[in-house]
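Chains G and C are the protein sequences, given in the same order.
Following this note's numbering, the numbering of the first sequence begins with 1 at its first residue and continues without gaps.
Following this note's numbering, the numbering of the second sequence begins with 1 at its first residue and continues without gaps.
Hints are computed from structural coordinates only; laboratory data are not their basis.
All C-beta atoms, glycine included, are put in the ideal place defined by N, C-alpha and C.
Do not rely on the hints blindly, as some may be mistaken.
[Unchecked claim] Pairs of lysine-lysine, DSBU-like flavour, derived with a Cα cap of 35 Å:
#1 G:76 - C:832
#2 G:128 - C:832
#3 C:744 - G:136
#4 C:187 - C:254
#5 C:15 - C:143
#6 C:744 - C:239
#7 C:769 - G:76
#8 C:744 - G:3
#9 C:111 - C:143
#10 G:128 - C:744
#11 G:3 - C:832
#12 C:187 - C:239
#13 G:136 - C:832
#14 C:769 - G:136
#15 G:76 - C:744
[Stated by the list, open to error] Have a look at the derived ranges for each label pair, beta carbon to beta carbon:
#16 G:19 - C:811: 52 to 58 Å
#17 G:15 - C:3: 25 to 31 Å
#18 G:19 - C:369: 48 to 54 Å
[As the list claims (entries may be wrong)] Here's a subset of chain G near chain C, in silico, CB distances under 8 Å, partners left out:
#19 54
#20 74
#21 95
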Amino acid sequence: MLKMHNLSKIYRTDEVETIALNNVNIEINSGEFVAIMGPSGCGKSTLLNIIGMLDNPSEGDYLFFDENVARYSEAKLANIRKRHIGFIFQSFNLIDELTVAENIELALLYHDIAASERRDRVAAVMDKVGIAHRAKHMPSQLSGGQQQRVAVARAVVGNQSMILADEPTGNLDSAHGQEVMEMLQGLNEEGTTIVMVTHSPAHADYARRTINLFDGQVVTENLRAA
Amino acid sequence: MFRNYFLTAWRHVFKNRLFSFINIFGLAVGLMSCMLIFLFVEDELSYDDWLPEGDRIVRLHSAFLSPDRPAFRTVSAPGFWMDAISAYAAADVETAVRLVRTNQTIIKDEKVFDERLVFADSTFFDIFKLPFVAGSAASAFSKPMDFIVSEEMALKYFGRIDVVGETLTVCCVQGQEVDVRVSGVIKDIPENSHLDIDFLVFLDPPMFDFAPNILKTWTSVNTLTYFKLKEGATVEGFKARVYDWLDRESPFRKMTADAGMDGQPSDFIRPNVMAVPDLHLHARPDAGNFGDMRPMGDIRFVYTFSAVAFLILAIACINFMNLSTARATQRAREVALRKVLGASRTQVALQFLGEAVMLSLIALMLGLMGVEMVLPAYNDVLGRSLEMTIATNGGLMALALGVAVLVGVIAGSYPALVLSRFAPARILKANKSSDAEGSGRLRMLLVVIQFAVSIGLAICTAVVYGQSMYAQKMDLGFETEGKIVMRNFTSAPIAEQRESIGRELAALPGVESVVFSSEVPTDDNENNTGFQLLSAAGDTSANTEERIINYFSVDFGFFEAYGIDPVAGRTFDRSRGNEVIEAALEDNSIRRSASVVINEMAARNLGFSNAADAVGRVLRAGVYRAGPYDLTIVGVVPDVHFRSIRFGKQPSVYFVQPTNMDVATVTYRTADLPSLVSAIGGTWRRVAPNVPMDMSFLNDMIAAQYADDVAQGTLFAAFSGLAILVACLGLYGLAHFTAERRTKEIGIRKVMGARTRDIVRLLVWQLSKPVVVANLIAWPVAWYLMVDWLQGFEYRLGHGYILVAAVVAGLVALLIAWGTVAGRAIRVASAKPIHALRYE
Ligand SMILES: Nc1ncnc2c1ncn2[C@@H]1O[C@H](COP(=O)(O)OP(=O)(O)O)[C@@H](O)[C@H]1O
Ligand SMILES: [Mg+2]
Chain G
1 MLKMHNLSKI
11 YRTDEVETIA
21 LNNVNIEINS
31 GEFVAIMGPS
41 GCGKSTLLNI
51 IGMLDNPSEG
61 DYLFFDENVA
71 RYSEAKLANI
81 RKRHIGFIFQ
91 SFNLIDELTV
101 AENIELALLY
111 HDIAASERRD
121 RVAAVMDKVG
131 IAHRAKHMPS
141 QLSGGQQQRV
151 AVARAVVGNQ
161 SMILADEPTG
171 NLDSAHGQEV
181 MEMLQGLNEE
191 GTTIVMVTHS
201 PAHADYARRT
211 INLFDGQVVT
221 ENLRAA
Chain C
1 MFRNYFLTAW
11 RHVFKNRLFS
21 FINIFGLAVG
31 LMSCMLIFLF
41 VEDELSYDDW
51 LPEGDRIVRL
61 HSAFLSPDRP
71 AFRTVSAPGF
81 WMDAISAYAA
91 ADVETAVRLV
101 RTNQTIIKDE
111 KVFDERLVFA
121 DSTFFDIFKL
131 PFVAGSAASA
141 FSKPMDFIVS
151 EEMALKYFGR
161 IDVVGETLTV
171 CCVQGQEVDV
181 RVSGVIKDIP
191 ENSHLDIDFL
201 VFLDPPMFDF
211 APNILKTWTS
221 VNTLTYFKLK
231 EGATVEGFKA
241 RVYDWLDRES
251 PFRKMTADAG
261 MDGQPSDFIR
271 PNVMAVPDLH
281 LHARPDAGNF
291 GDMRPMGDIR
301 FVYTFSAVAF
311 LILAIACINF
321 MNLSTARATQ
331 RAREVALRKV
341 LGASRTQVAL
351 QFLGEAVMLS
361 LIALMLGLMG
371 VEMVLPAYND
381 VLGRSLEMTI
391 ATNGGLMALA
401 LGVAVLVGVI
411 AGSYPALVLS
421 RFAPARILKA
431 NKSSDAEGSG
441 RLRMLLVVIQ
451 FAVSIGLAIC
461 TAVVYGQSMY
471 AQKMDLGFET
481 EGKIVMRNFT
491 SAPIAEQRES
501 IGRELAALPG
511 VESVVFSSEV
521 PTDDNENNTG
531 FQLLSAAGDT
541 SANTEERIIN
551 YFSVDFGFFE
561 AYGIDPVAGR
571 TFDRSRGNEV
581 IEAALEDNSI
591 RRSASVVINE
601 MAARNLGFSN
611 AADAVGRVLR
621 AGVYRAGPYD
631 LTIVGVVPDV
641 HFRSIRFGKQ
651 PSVYFVQPTN
661 MDVATVTYRT
671 ADLPSLVSAI
681 GGTWRRVAPN
691 VPMDMSFLND
701 MIAAQYADDV
711 AQGTLFAAFS
721 GLAILVACLG
731 LYGLAHFTAE
741 RRTKEIGIRK
751 VMGARTRDIV
761 RLLVWQLSKP
771 VVVANLIAWP
781 VAWYLMVDWL
791 QGFEYRLGHG
801 YILVAAVVAG
811 LVALLIAWGT
821 VAGRAIRVAS
831 AKPIHALRYE
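Next comes chain C alone, as it looks inside the complex (with noise of 0.2 Å):
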């Protein structure tokens, strides 16, 4: 008997090979791409939950607010907090731990490369419990420089993991070479962390005096600082305490009280407590989404992607349950005869059952390999290591399982309760297949959510797309081609040299400029210091109160090789004296003066409606490793849009200061690019052959900016390109039950006159008012998300760009749905009457 129900379901699959493939194919697609999606989004949800104790363990971030600027805010925090917080919040405190990263260079066999070294206090394996693959931590991380590497490194340098010993040379701490010894290895740090540490190095605080700005002075925030709270203590009652040290114990109280600022430390420095856990995925409150050790992700593109992978799994489902049923209500008369011959209607339920079942099984096993098929791309585009085993992701198995399963009764259960009902007699006698109305429509309204989520998901795909398109189509201000940037000019030898090695450059065939400065378009850093204006009058006393302002450090010529014009006044001319920020003096008292240029933003925050009444005014300022200095303006140039569009444009001051240009910009015009890149090359080994050469195409740095836009705008249109697809299938199944339902009245109205395109235009806008319908379900509510979701960005697509892409997805899914259905329609249309009446 069971051999019999098989063979009729094995049967009924290849009879109605359309179907069974829409089916199964549809089914498959969508369980494959929920898999994917949840495979992604259990990797975001699972960072740093293998930490151990993980959640005791918290983040002090830190933002400095003013009222004539943007808010400085940083995922760091001032190097000092970290012990006076732990003093005066000891009953929440176990204990605490500040990282310091710094680039250097690693030397090995004549090698150079160029590596990020973290420097941790004494505590770090107190609250990261990292497992260490050789040593431990007593062993290997007690004393200043005891140097832990990753096993990654362990290998990339030695080529085997017990390297506990070996020697590496450092290059440079202090600006001497040293060779440290390492004393551990540590296993490599899981990729779903936020953490990332190859080289981890023991912090002695006398080694920073060097550079008080890193550990002591409070206007530098430059430590991830961490804590690891005591059992029961929580992260809004230790946030609270934070804020009671604020204001009543640190110096901050003090420094406000005297410089006779109204209010608070709180009012201006607002520090903000998150744990670990938390630190991937969510916004942070008053801190940048930047200066982290990987890439952050975004707890709403989790949220979103989660409901696209429901909604295009709702849609196969639909698809999977629509068909079934369409089709089995054709099934009337099997149903009747194996009634009449003695099944039961439990028989013939489970044999409806079953049938459906065993699809949506084939469904789930082709929907794994479609997986692990489509995952490398997957991976590449999201640039992650997923997996899909099932070791490791059993539940995920068991859930996709469960789903196919349940997506199988359902579709099956119609079929099985309503047509095992059927009173046998009627069904042979009537001698036709039973449809009842009401499933009809039922259909028809699935067709309807089917369409109107895939249309949706096309509008918001065409949006998120189009705004990442206008972000980096966007005119930032300044030249952005034929550009390569360099850095490493940091390094002792290197800095004495950069004078000469810039000009060596610029004497290359095919390089129009090399110009310096403090930080590049792309560079997340941020400097800021005091300027205070001075009256027109020019005298000396301080009559205006002391503004914030951002400040670049650029080279003569930086402007016009950016391409960069100024709006009133002139740029900065090598010709002219007095232009340049000299070197700090032994007497700090005294001051000196120098020329500044601001931008547009920067001339309206120190009251100049009018761009030019700017020029020729002057800036008090004390310029950092400088001294204090009276800085004239002698230009305003236009704002433009130094760093990601995402942080939009700020009040900015240049000045030319010889001390703090580190980053070269070589502008070139080459028809042999290959020649140029290899001439730079041997320019810099001869020159700096201990210094790794970091050179980049600044075209490729501002794209890699929106790399993460585009690959989520890239899987957001594969993904809805899928669900269209499915429900399109769905579409195309449907005409043609629908166009086989109606032979007879085709025939019928052939009959009486009807010719081929009344017949078509009948079938056709039968299908098509569902998508119609759809249509006006799915504008608005795209129209409303999109709106909201654009309003996340300082600079943004129009509106009327939303509206345009409903039109046209709208369209493009009526057409659709034409092709889909107008074949069919077609080939039934035109078919002799006859046919159609005969076999009635």
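Bound conformation, chain G alone (with noise of 0.2 Å):
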């Protein structure tokens, strides 16, 4: 599905240049569940967020389905992005001034589809999370769990293939956690792609492929048994 060639990212500041990714070289196919660990500032979150196409690599190829987005347009990526990737913060980041099902149906809303069918969709992905009875609460009436299983609804409402998780459960209590984890696999085994940054290597036994990044680069890969 994805395939990262010698790609690097490099930040610069005035003062400070942070090489944030080295060389890294990964692949990743349609239907798998990666996770991606490695300690605070190693790259993780740029890496994800560069699979996700919110920022482009200063070096390297990027081959999305054998198309190389690496230099592609903001505008552009966000064409792709938005058909075929759904996000998971470990802030949540919803909107604090739509209801849930007002930022469930955001993932919608940017695409061509009628409102009838927006309002059905989003009523089924609700259920299927299991926060129907709350469709109408603002996002800062829920608990961290909750707001969480909105931001996976949102993710997937789209019937997006890959869906990007940077620490879903960060910000979550065990069981909360244990919760979203079950879900994420859930969707996994449906057929969607899952790429997951994580500290917890508990969280990470759920992925069936484990990377391990160290100061930006990938330092080994772990395949789980099946």
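Join these two chains into a complex; the hints should help.
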């Protein structure tokens, strides 16, 4: 599904130059569940953001379905992004001024989908993640676990083929973290590709493959026996 | 500690340069506009306030009503009223004075100047206690031809002030050149006075025996008449007595009775009394708003202008508060930290107050500098010499300081009170700025108000400006281009040579015609006399009642020169006999005949629905300085706007009376105007070296009539432009703030696939909404105000124009708002979403 070749990301500010990613080569196939691990500041989020096309790499190639998107403009990236990729963030990133249902609908709003169909799909996905009874609530009225469930719902409502999750359980207690992991597992079993950053070895165990990063470089890749 | 606050404040100002600039600049512009307007308003309100016991001085106006023509309203009163009323109302009147103004030539060392002399009764200085520079009222104003000059005139003629005993030559008193001795010098009368006197001459009533119309004839209204009331007497009480006198004692009583007129004299003659300090600004009931020594003001303009000042200041203050509070909510973290470190609520509150007040004081300083910079141009437009100094305007400055501090305090108190109350833990944990929903809504409401005011001002400006253009561009009914008006044909030596000068001027290359008349367009003079229409059979018995109609004396060729074609009959024809009204005969019982041309309104007024029917009919009249005449109507001309369009058109009669034509209209067609002008000057100096030449271009004279309107329109436009500028600055700041506050939301939407244009649309729409709502408020209000305002004009724009102005102003406001917001929105919307989310 995607392939990275000699990919680097360098942040330049006035004084410092940070090499966030250094010659990364990875390949992820459709239907995989990949965990990315590593100490804080090693470049996990940077990698995930580039996979998710929220940012461009500084060097190297990034083939997404055999299309090299490394130098694509924001507008072009946005177009691919919205068709294929769903996001889940550590801090949920829900819009405070919108209700749960409206937050989920957001993922369909910028596609050409009729309002009635949007409503149906939002209702269906809310049922699936078990927050239908909270549809009219504001994010601030929900617990962290519930908020992350809304975020998961939002990530999948558009039938995205890949979900990128950056420490999705980082802000949750273990019970709620467990819940979210099970949801992700369920989605993966239905065929969705999942790439997840986590600090928790237990949660990494849900993945079939773990990529370990250190100082912007891939140090090891472990495959879990099926 | 104070140092720390001060440093934080400064850093904050610099770190948020844009906000600081908008805040300070906007408030500075607001304060500047306000101070400028205040200076003008203060000056307007101060007219004649400086006159000692001014509130006891009143002026007598008179209006003459006639059922069949517009009323003749004047700020003067017949000359003989003063003594009669003083005697009748002795209980109210302490003393009284009449002023008679005449234009004279003053000759000094071969140089000639056109000056206005004011003749005044001996009581003048009992009423107007003007300070003397040389001499005193007792020594300088006690006998006929005592001659007082102003300081300015002393300097102009003698180059020094102490000029008592010096001589000037005046041309002409009773047709004679006379040498007069300066008897005293008064201080220049301040500009803020309705009085404008450079030369004051002792009035000895027998002096005017040669011109009985000035002081004695009741139908002639030429003197400004002032009464000083006794202490305790009221204007209303005195006015009632004047009416008593009119109906019980005055000669009009007998006249109305003799004429068999229905009713009392006061049904036809309406005197009115006004306190002198009110003269400058207040509408004169039953009196014209012309005929004054200085142009009068308009209290409505003062109100409007004050309102505009208030609105601009309000807009600027709203900005200041809006942006300050918007910014402050983003500083919740700073506040929380300070509190964690032990700052008390009061300390935090004081910090915010101090910061806001500091900004508003900077704004005040810039505003004061702005006033200094703009004042010369402002004075130019207004024709004033306003000044702003601590000595004379201390009050205004203190007021401005008060306003600035108040605005600072109000703007600072929201963050001071709200933020200082926050529980620090909550803010630090939430790790985000806290902006209550309610304050956002309040902010939008304030933006709505700002834009409603700006749009309303813009609409009003467009209508005021449009009306003044309309007035200037209106077809007056005659040709105004290529005409030079020359006066000063009254003086004795010139009057005799009038015809020959006319012929000489007409012979100059480029001159098409020279015609004389008693008045030219824009002249505010009005002559009326009674005309009686004789029966169609031409019998000489008076069979209709007399009608008072306005008349003009015009030359042969006058209508042709002004491009006025008759609608029936013909104009005057030199080749025919019996056209001209000759000079008076010894025996004034002999009735002679001549021709007249009347206008369409006069024809209707005389009862002709068809203008052509009037041709051939005869009007009987006693012509001033000529005697009884039967005047055959030879033609009817269209109604033209002879005077300013504010006066409207009137029924008019035109005849040729060579003894009553002292203005020349020179019609020219030349590519070389400067040579023509110098040729005219040369001719004049050769023929009349002792008479100053007075020439002006007719279109300048017409434009000058609208100068006040244009000045008002210009100021109105300038100030509403400033209001709109300040409102837009505010909107820009708010757009910036909104975009910043919604960064996270924008980031999320973009991750969800929103395109740049989706985001831009979202932001632009959010910020357009208040402008749209503002339009809905501004339109009806402006409509209502402007419909009412236009009502005051005889000839006015259609109401459709207001609608167009409203739509255009609304669209422009929206476009400006979009322009302001869009750049910001595009910047934010096209950024990579990860920046937005990462720094959340
Ligand atoms: N926008 C940025 N500008 C500058 N440096 C950045 C930026 N984003 C990340 N970095 C730096 O790049 C490195 C990797 O960051 P990140 O990918 O967020 O690490 P992780 O998610 O593994 O904790 C860090 O040193 C971080 O400080
Ligand atoms: Mg990270």
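Verification of the hints:
Pair hint residue 76 of chain G plus residue 832 of chain C holds up; C-alpha atoms about 12 Å apart against a cutoff of 35 Å. Between residue 128 of chain G and residue 832 of chain C the alpha-carbon distance is near 32 Å, which keeps this suggested pair within the 35 Å criterion. Distance check on the hinted pair: residue 744 of chain C and residue 136 of chain G sit about 21 Å apart at the alpha-carbon level, within 35 Å; holds. The straight-line distance between the Cα atoms of residue 187 of chain C and residue 254 of chain C is roughly 46 Å, outside the 35 Å bound, and the hint therefore fails.
Between residue 15 of chain C and residue 143 of chain C the alpha-carbon distance is near 77 Å, which puts this suggested pair outside the 35 Å criterion. Straight-line distance between C-alpha atoms of residue 744 of chain C and residue 239 of chain C comes to about 75 Å, which puts the hinted pair past the 35 Å bound. A threshold of 35 Å between alpha carbons decides the hint, and for residue 769 of chain C with residue 76 of chain G the separation of about 31 Å falls inside it, so the pair holds. About 30 Å separates the Cα atoms of residue 744 of chain C and residue 3 of chain G, which keeps this hinted pair within 35 Å; it holds.
Among the hinted pairs, residue 111 of chain C with residue 143 of chain C is consistent with the structure: their alpha-carbon atoms are about 28 Å apart, no more than 35 Å. About 27 Å separates the Cα atoms of residue 128 of chain G and residue 744 of chain C, which keeps this hinted pair within 35 Å; it holds. Taken as a hint, the residue 3 of chain G and residue 832 of chain C pair is honoured in the structure, with Cα atoms around 22 Å apart against an allowance of 35 Å. Using a Cα cut-off of 35 Å, the hinted pair residue 187 of chain C and residue 239 of chain C holds, with the two alpha carbons roughly 33 Å apart.
A threshold of 35 Å between alpha carbons decides the hint, and for residue 136 of chain G with residue 832 of chain C the separation of about 30 Å falls inside it, so the pair holds. Among the hinted pairs, residue 769 of chain C with residue 136 of chain G is consistent with the structure: their alpha-carbon atoms are about 26 Å apart, no more than 35 Å. Taken as a hint, the residue 76 of chain G and residue 744 of chain C pair is honoured in the structure, with Cα atoms around 21 Å apart against an allowance of 35 Å. As the Cβ distance of residue 19 of chain G to residue 811 of chain C is approximately 53 Å, the hint placing it in 52 to 58 Å holds.
At roughly 29 Å, the beta carbons of residue 15 of chain G and residue 3 of chain C sit within the given window of 25 to 31 Å. Between residue 19 of chain G and residue 369 of chain C the beta carbons are some 53 Å apart, a value that agrees with the proposed interval 48 to 54 Å. Annotation: residue 54 of chain G was flagged as interfacial toward chain C, and the flag holds, the nearest CB pair being 4 Å apart, inside 8 Å. Hint on residue 74 of chain G holds. Least Cβ distance to chain C is approximately 6 Å, under the 8 Å limit.
The interface hint given for residue 95 of chain G holds, since its Cβ lies 5 Å from the closest Cβ of chain C, which is under the 8 Å cut-off.
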